[in-house]
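If you read the sequences in order, they're chains A and B.
Position one of the first sequence corresponds to residue 1 (this note's numbering), numbered consecutively onward.
Position one of the second sequence corresponds to residue 1001 (this note's numbering), numbered consecutively onward.
No wet-lab data here; the hints were simulated from the structure.
Only a predicted model underlies this, so the values are computations on that prediction, with no experimental measurement involved.
Here a beta-carbon is modelled for each residue, glycine too, at the ideal position from N, C-alpha and C.
What you were told as hints is all true, and nothing was included just to trick you.
Over the 12 Å line for every Cβ pair with chain A, so calculated as not near, a few chain B residues:
id, residue
1, G1041
2, T1052
3, R1242
4, A1245
A partial selection of chain A residues facing chain B, derived with a Cβ cut-off under 8 Å:
id, residue
5, R96
6, A97
7, P99
8, A105
9, T188
10, A217
11, L225
Residue strings, one per chain:
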Amino acid sequence: MAEGGGAVSAALALAAPPLASFQGAVEFIFTPQSSSVTGGKTVGGLEQVVELTLTQLEVTFLALALALAVALPIGLYLGHRGTGELLAVGLGNAGRAIPELALIAFMAAAIGVGLLNVTIALAILGIPPILTNAFVGVRQVDRASVDAARGMGMSELEVLRKVELPLAVPTLMTGVRGATINIVATATIAPLAGVLTLGDFIINRNVYGDDGVLAGAILVALLALALELSLAGLQRALTSKGLKVSIA
Amino acid sequence: MSAAAAALPLAAAGEVGEGFFRERSADTRPCQATDALFCFGWARDNIGEYVTPAIEHVELVAISVVVGFAIAFALSLLAHRNAWLRPPLLGATGVLYTIPSIAFFFLLLPITGFGRDSAVIALSAYTLQIIYRNTMTGLANVSPSVKDAARGMGLTERQILWRVELPLATPEIVAGLRIATVSTVALATLAFFIGAGGLGEPIYEFITFKTNIIIAGGLAMAIAVAFDAILLLAQRRATPWRRAAAQ
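Isolated chain B, as found in the complex (with noise of 0.2 Å):
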């Protein structure tokens, strides 16, 4: 087993002519001779190869994330209602969380196959602890005076649920979407070993190569940023009273 151990890095490297940089591999060569961190003049010429899987890597989040989203907060409606429904639901998506998904992935195999759908399955089944976690606090955390003062005037449960509860647990929702899409960013790394693209597969292609590495690690570190800066913002604008209770 050793000597597969060994043959392994090389054999990834061996594979860059087959794939991503099929003609620009000879390019990399003069720079790694170097065996510098990283080559400015490369990256500038190659940077338009990763607009493609950054693309990828995108769009797999944001299907991902959605549909843990639509799911979760589903669940977190019926175990607010159903208080029996928490301890199965809590127990079942720390399942799911806990399963790699780079194991989540192939344990699909047999099912939905190579392919978007196999890694969309195995993303969003993480973020649903996440999610349902933070929304079920936010819930438990709406003081119980405000539930009765909308009682008082005369808001029907329903009513008291879509104005008044989840409003107040948007900030704890927002944080557990957060958490939920960088982590998500951060594994969709790996969704292209069941064929669903993204910023992993430039980064395995050419597994040996540095620059390479840091520009599509960098770009996956800056969607995970960028993603998080959008939510908080859509959180401001989503609950302006908490600007106006913090001047």
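Same shape as in the complex, but just chain A (with noise of 0.2 Å):
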């Protein structure tokens, strides 16, 4: 019902829009279709999909790297010295209220369109909740612990790294996931901003049509669900064996 290709039938489409179909989207996934807008060009299909989900893997990875880049140090630091709460609390909060189809759109109107663009902007989105979990995981960790640590002759160094930092992994690791999610739901809307991510088949849906807007819904859901899992994983690898003892 979506493969209209004559002008007679893409405006009866007009009249009467076609609601997309599960079944129409698992083959615009697999099978590249006609598109309505485009005349002879096709869209969708294996290829394009894998090339828009690497594309947004990848500035969802770059974000990522450059926010736990700028924010681990600072929330490591702030935690173990345990100054700082008002920023490093309230930056978590304010964080949450950043639209992020603003973010996106001033960091393209501002500074221009582009990966690094997009890259800066979907960074700045992931340092609010790990700057604010890793503060948090760090200041909660038992005094006791750390003057023992201190006790043991570690350097402040040794005591962030060999202590603090294995104690505070399940607080951090839920920082990082939460900005994950968030990031890799508004690489979504990168399009906008000119890196071409699985978002574009349910933005540009004049050209991809419905069943191609639900694809992309379905994708973009799968991507997000397995990065958390993949996540959630390492959480459970990162942390020490004796905390999971404790927990249980």
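Using the supplied hints, reconstruct the complex from the two chains, each of which is provided in its own coordinate frame.
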């Protein structure tokens, strides 16, 4: 129903917009379809799906890496020193209020489109949850453990690396997972800033049709769930055995 | 595909004449030509255009959070009584939380179609986990000795829940509600994609004009702060004993 090629069927489609079907969306993912708008050009199909998925993963991981590089040292340092709670926690609260669409649009309008600018915009979304959780995670480590570590002759850096950081892993990873969910979700609207991710299927409905939109939604949802599952696995692997015992 | 990438922002700019700023697009040109970050004159003349999207935005968030809270609160009470429900509920709300809102909107396309219904379902689904988790934490943090004392005074389990446990858990519950509300205000800027209006609409229809983005984005953040302040005040009024204890 969504493969209307001629002008007549396009007009009919406008009169009674066809609702997308899950069957049509699955077809769109695996086999290229002829677009009703671009004439002879084909859209969809595995090749394009893989290309857009890889771009979305690329920009997500770049932004996450940048956010970690900025937020982790600051959060760990402030948590270790026990200062700057207002900054660390306030930033986390303020970060949630940033409208994703306005951020992407503003970055594109103010400094231009492209992978680098989208990466920076997405990293801005990722920094607050990581910074806040790194701070809280280190801060809530039992002071007695830290004192014991100092008593054993550890340097401040060793205390942070060998005691505070391992004990902070569960809280810290909660922040990293929250940041990742927000980044990969917002990477969906990256096509507005010239980076073609899976969101292109969703945003450019006139090119891909309703089946393409639904296919994009399915793929983005699966990608986010896959990322979340792998990070949950990573968290389990990073959490020290001693902590798991005490939780169970 | 790279050609489409380059064409897209231009295409968005070209749509200006069709949409939100239909009659005003010519007025923006002098301002855009200066490449200023913010044009106060234009903002003063056009601020009225944002009233309707802002009201839509507030309505969308309020409905979504109320629906989300009602469901999450009911689920928490069920799970509070039946411990076996906790892992599946945590998992299910976690999946709903993880699915990006913009994808969720369009997953509903074949079911509820375009319009506010799809937006409300997706946005309220997103809030479930935050509210559910905080409510469960709040209930779990109520000290057993307090419950024992209530039991000793002859309260039934139901009375203990409504008169002791829930009031004591209120700060945690409201904390979850605040996080959910502020996040929903930000996410609701995407709801116009599924035809639910809101402040995303003016942003998208004039996406290359910085003044426009700052006004609409700023309004969204102001709405988030206002919701947050209202919830905080409501919590203070609902838990007077905490103020007494603090003094």
